[in-house]
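S.K.: Sequence:
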Amino acid sequence: MAASAHSASETPWKTLSAEELEKQYSPSRWVIRMKAEEVISTFVQTGIQATRKARATRRNQLDVPYGDCEGEKMDIYFPDEDSKAFPLFLFFHGGYWQSGSKDDSAFMVNPLTAQGVVVVIAAYDIAPKGTLDRMVEQVTRSVAFLQRRYPSNEGIYLCGHSAGAHLAAMVLLANWTKHGVTPNLQGFLLVSGIYDLEPIISTSQNAPLHMTLEDAQRNSPQRCLEMAPARPVGPSCSVLVVVGQHDSPEFHRQSRKFYETLRRVGWKASFQQLRGVDHFDIIENLTREDDVLTQIILKTIFPTL
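In case it helps, our numbering puts the sequence shown at residues 682 to 986.
Hints listed in this document are in silico derivations from the structure and should not be mistaken for laboratory results.
From a predicted model like this one, the values you see are computed outputs, not experimental measurements.
Label-pair ranges, simulated between beta-carbon atoms:
1. A911 with L743: 30 to 38 angstroms
2. R945 with E970: 31 to 39 angstroms
3. T696 with D744: 40 to 48 angstroms
4. S707 with V862: 32 to 40 angstroms
5. A911 with Q726: 35 to 43 angstroms
6. R912 with S707: 30 to 38 angstroms
7. T863 with A699: 40 to 48 angstroms
Okay, derived cross-link-like pairs now, BS3-like style, lysine-lysine, Cα gap no bigger than 27 angstroms in a straight line:
8. K754 with K810
9. K765 with K980
10. K716 with K704
11. K949 with K859
12. K734 with K765
13. K980 with K938
14. K810 with K859
15. K704 with K810
16. K734 with K980
17. K754 with K765
18. K938 with K949
19. K938 with K695
20. K734 with K754
21. K704 with K938
22. K754 with K859
23. K949 with K980
Note that the Cβ used here is the ideal one computed from N, Cα and C, for glycine as well.
Work out the full structure, taking the sequences as your base and the hints as a guide.
M.R.: See below:
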């Protein structure tokens, strides 16, 4: 009896009905500011408009290949002043590993480039073309590529949203010896992410992913850190785990548990719940310089700001 109670407290999602589990991992159903069916189209439209504006108003290099595959491209946006030594902000989009694109994800480009940050939006092969293993390999390679391309950078700051936060978290576990370069990683910002993939197997989100239990375990940063803790890349590298007030209870639980695990194994981690935002406008609002998360990002990159 005690053992099963312990197991339920460790994995509370296993006590949920199939219907409730589906709801917990359907972020649009927790949004209170508009109907669930309007949320995603609004999010995509906001991203498209922000990307159009960024491409029209900022110096950029689009579709820069970081690998040999068609999907391995990144867009790089530059501040007005020219410099070889600048901080790099690398963003991985969300979309449950099966939707989303770098072409509708440049939300934060204008506010960050205005402060002297180079912003990079990386693409990766989403499902069904890409497997989770492949996506993790691709985003890790994108980090190594940036370090080689800009060796005198003033720090690489990784940010991911939702599925992108999962991919950014997997970069914490990367074996850089294999990539032949040690990137100057200075910060991770994990926004409304999933860090234990096992619950996803039992939801409709898994249909295009075809994820097995072994796939989920191998690609769960939560499990990987518990089984074989990865050493922090450097004492100054911080990890901020962020969740929106109107994210689902499961997203809250996963975020807090991952933050606690990071702390336990020696990472410099912090946790923040942002009030008044949900899974989508937490990122949409990055188009504004006065947004809370925009300011958190800028203070992470420029602590004396």
